[in-house]
Every structure is written in structure tokens, then in C-alpha cells.
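Q: One letter stands for each residue in the lines below.
There are 2 protein chains.
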Amino acid sequence: MIHAILFDLDDTLFDATSLAEKARRAAIESMIEKGLEGITAEKGYEILNEVVREYGSNYSRHFDMFLKRLQHYSLKLVSVAIITYHRVKVQDIRLYPDVFRFLQNLRHMTSCELGLITDGLPIKQYEKVIRLGLDTFFERVVISDEIGIRKPNPELFTHSLSLLDIEPGKALYVGDNYANDMIPAKSVGMKTCFVHRGGKHDIEIDSNAVDFEIHDFSELWKKIHKMLPSK
Amino acid sequence: MIHAILFDLDDTLFDATSLAEKARRAAIESMIEKGLEGITAEKGYEILNEVVREYGSNYSRHFDMFLKRLQHYSLKLVSVAIITYHRVKVQDIRLYPDVFRFLQNLRHMTSCELGLITDGLPIKQYEKVIRLGLDTFFERVVISDEIGIRKPNPELFTHSLSLLDIEPGKALYVGDNYANDMIPAKSVGMKTCFVHRGGKHDIEIDSNAVDFEIHDFSELWKKIHKMLPSK
Numbered sequence: 004m005i006h007a008i009l010f011d012l013d014d015t016l017f018d019a020t021s022l023a024e025k026a027r028r029a030a031i032e033s034m035i036e037k038g039l040e041g042i043t044a045e046k047g048y049e050i051l052n053e054v055v056r057e058y059g060s061n062y063s064r065h066f067d068m069f070l071k072r073l074q075h076y077s078l079k080l081v082s083v084a085i086i087t088y089h090r091v092k093v094q095d096i097r098l099y100p101d102v103f104r105f106l107q108n109l110r111h112m113t114s115c116e117l118g119l120i121t122d123g124l125p126i127k128q129y130e131k132v133i134r135l136g137l138d139t140f141f142e143r144v145v146i147s148d149e150i151g152i153r154k155p156n157p158e159l160f161t162h163s164l165s166l167l168d169i170e171p172g173k174a175l176y177v178g179d180n181y182a183n184d185m186i187p188a189k190s191v192g193m194k195t196c197f198v199h200r201g202g203k204h205d206i207e208i209d210s211n212a213v214d215f216e217i218h219d220f221s222e223l224w225k226k227i228h229k230m231l232p233s234k
Numbered sequence: 004m005i006h007a008i009l010f011d012l013d014d015t016l017f018d019a020t021s022l023a024e025k026a027r028r029a030a031i032e033s034m035i036e037k038g039l040e041g042i043t044a045e046k047g048y049e050i051l052n053e054v055v056r057e058y059g060s061n062y063s064r065h066f067d068m069f070l071k072r073l074q075h076y077s078l079k080l081v082s083v084a085i086i087t088y089h090r091v092k093v094q095d096i097r098l099y100p101d102v103f104r105f106l107q108n109l110r111h112m113t114s115c116e117l118g119l120i121t122d123g124l125p126i127k128q129y130e131k132v133i134r135l136g137l138d139t140f141f142e143r144v145v146i147s148d149e150i151g152i153r154k155p156n157p158e159l160f161t162h163s164l165s166l167l168d169i170e171p172g173k174a175l176y177v178g179d180n181y182a183n184d185m186i187p188a189k190s191v192g193m194k195t196c197f198v199h200r201g202g203k204h205d206i207e208i209d210s211n212a213v214d215f216e217i218h219d220f221s222e223l224w225k226k227i228h229k230m231l232p233s234k
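Going down the list, the sequences are from chains A and B.
The numbering used here numbers the first residue of the first sequence as 4 and each following residue consecutively.
The numbering used here numbers the first residue of the second sequence as 4 and each following residue consecutively.
In short, the hints are calculated from the structure, not lab data.
The structure displayed is predicted, hence computed values, not measured ones.
Wrong hints could be hidden among the right ones.
Same chains, same label: a pair holds when it works inside one copy or across any pair of copies.
Taking lysine to aspartate or glutamate and the DMTMM-like style, the derived pairs with C-alpha atoms no more than 20 angstroms apart in a straight line are [to be verified]: (1) Lys79 x Asp148; (2) Lys173 x Asp101; (3) Lys189 x Asp209; (4) Lys173 x Asp214; (5) Lys79 x Glu149.
Let the sequences and hints guide you as you build the complete structure.
A: Right under this line is the structure:
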């Protein structure tokens, strides 16, 4: 029996990687439109990605560093980039198409408890939750930086389970990252589901750390709906 | 002859005070809608304004402090408030109705140089410039925190004039704040125009620090268009 399902957020419930890519490309194009010279959009995108890799994805001044690197710093271009980047991030964020139906099924047909365990800056992660409309589904959202424990530390999973008051063996964790999601969740005794979404963490596995392997959530529903407590 | 006109931004070219008020009220209402209990929107708005006064308007965690003060802190409500606040600020920002025509007249009928001198966080001020479409009018934007000199320090005005390479006596400064705009601009030898926009800085004056007193920019156009270099 599975009494609770906990999910990873980015690239498990929505396509975070493509969204960030699209927003960064749009930001580059808007800077070129507003006067950034001597560089193609494609080359600009490459350099911006270098900055993101070097400074980390949660750094708040990617565009400043990008323009400094090009020796073309201006407040105007930074502002233009930020405006465009956020516009795309706000307008284009949406759940993977299979997610909403799956969550509705869980809520309407089962009494399964639902939660989220995600890394990242608390306010940014919660903004995604709200914009995706997920706050109505998840009573319990655990964001690692809010409690000071990050993936893949298994403590994060133990802590989350204790908040829900659920035994590990009765909970399923669903994620797209083998090392950060599957290994620690399994190590504390949870059931695990590895989602192949085709992103950078989508790897071939042959492991007893994974109970279910799926490509979308309709597959998962078929596999587990008989193991869920009905309403 | 007036060869350059420099403007204050907030509450001179757009109604910054009303916009902030509207955004804060909307944020309070969204928190109440999403579960903030035991408080009316009106009372909430009062308390939020207390927070803004105590922590300063450029502090980045007003909503955190507001909710802590109510002993009702939650990441969800902070996120809800931030989303709503920014949505209103982005959607509802617009120039005072007389501003656009005035700037168009200046650009199409005169060869007057245009600039902006404003206090505030550089990136936030420049965002307003872009969202208001002012970047097409102002080649030169001076934001005090970018150069490390704040109003009412007259150096800010001297510095801006030197960037434009204009003698003070040939430049006009337009602002809504007597102490921060009129006094320092006049002290460096600029002509000055005091705009009565009906906001908190709108005071009765009887002073030789002000050359023009107006209620909207069509009045200013009538008063000065003969003093401007025609194209």
C-alpha cells in the first residue's frame, strides 16, 4: 500500500530546463534588439550558459556578468534582459501534460497524501508551485534550503516523511534524477519511481534503487492505482 | 535658451505612489484569498505600510516582515504576495497622460537634449524606464546609486550636466520634490520647474529656487517652447 506520494519539482512536474533555455535565448535576443552589438544570438547564448555554469544557476547577476564578459556592460541592457527573462518564465511555465490528470486522479479517487521535496531557493521554488497551480494539490511542500538539508542527503527525505507522519515503506518518491532522488529516497526505505523525461539526468539504469520506471505519469497511474487507498 | 531638460522620474513622469499603493493592496488581498486569516484588507494595508516605513521602501522583504509581525509567516503567502505585487507593478505602470505628448514635442520639434536624474536602486529604476518606454527618449539616465551620490547632493546634478556636456544655465530640471529637486538643481545654476502632481511632496512654495510652477507638462510646453532650440 502507498499512502503518500512525494515528488521532485523541476524537470519532474514541469520542463524547467527548456523553460530556462527559452527565457535565456529570449533575453539575449532582446539585448541584441536594444543595442548589444558584435555577437550573434547563438554565440551569446553559449556565453550566457558558460556564466550560468561558472556562477551557478541560483546566482542573481548572470546578465551583469554576461555583459561584463563581452565588455559591453550597461544597466539598460541588464534591465532589458531581466524583463524579458522573467516575462518568459512567468508566461510559459506549465506542467508536463500528463501531470495535471495524474494529480487529479490522486485527489479525486484516492486518499493518498501528496507532497513535494525540492532543492532550490525557497521563494523561487514556491513561486513555481503557485504559478503552476500546485499549491491546491500539495499541502506539504519541503524546500531543502528552508530546512538546511539538501539533496542527496537522505535526512531531507526522513525529515519530510516525519512532517507527513508517514512510514517510509508506505511512501513513494518520484523524481528524474537518479543520484539525487532515487538513491537517497531508497536508502531511507521509500519506494521510488524514476521518470524518464529526456532531460540531462535521463540515464539508463539497472538498479534495485528503483521500483518503477516510467516515461509519463499515465504509466505510473496504471502501475500503482491498485496500491493506493481509495476514497 | 534651454538646451537640455533633465527630469526626476518617480511621481514626476508617472504616478509611482499610487502604483505602489495599488500593488500593496492587491498583495494583501491575494494573501487573504490564499489563507491569511484574522485581518481585514484595510488593517493589513496599514500594517504593511508601517513595515515599509520602518524598513525603507527599497528593502526586499516587506512581505516576510509583514507576515512575521502578524505571526502568520508562511513561504506560500510570501510568494503569493510577491507574485501579485509584481503583476500589478508590471501591468499598471504608465506615464502621466501629459508626459508622452510633451516628450514627443521635445523630440520632434526641438533639438533639446533629454535626460533623467533619479534616486533609487539602479536596476529597479532602469526597469521602470524600459517599461515606461522612456529609453527611446532619454539617451542619458543618471541613477544616483549607480554613481554613489544621492539627492539632494548638488554634486549629482553637476555630475549629470558634465555627462551631457551642458552648462548649468542652459539646462532645466523638472521635479516634484522641492527639497530634493529644486534646491540642489538651483544651487548649481540650473533653471528649475516644480511640478504639482498632488502627491505627498506637493507643497506651497514662495521661493526663488523655482523658475516655473506647473500642474502638467502641457503648461510647461506653453511656457518654454520658445526658449528651446528648434530643429
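Q: Work down the list of hints and note, for each, if the structure agrees.
A: Results of checking the hints against the structure:
no. : hint            : verdict
1   : Lys79 x Asp148  : between (32 angstroms within a copy, 15 angstroms between copies)
2   : Lys173 x Asp101 : neither (24 angstroms within a copy, 65 angstroms between copies)
3   : Lys189 x Asp209 : within (14 angstroms within a copy, 77 angstroms between copies)
4   : Lys173 x Asp214 : within (13 angstroms within a copy, 78 angstroms between copies)
5   : Lys79 x Glu149  : between (34 angstroms within a copy, 12 angstroms between copies)
Consistency with the previously given hints fails for number 2 only.
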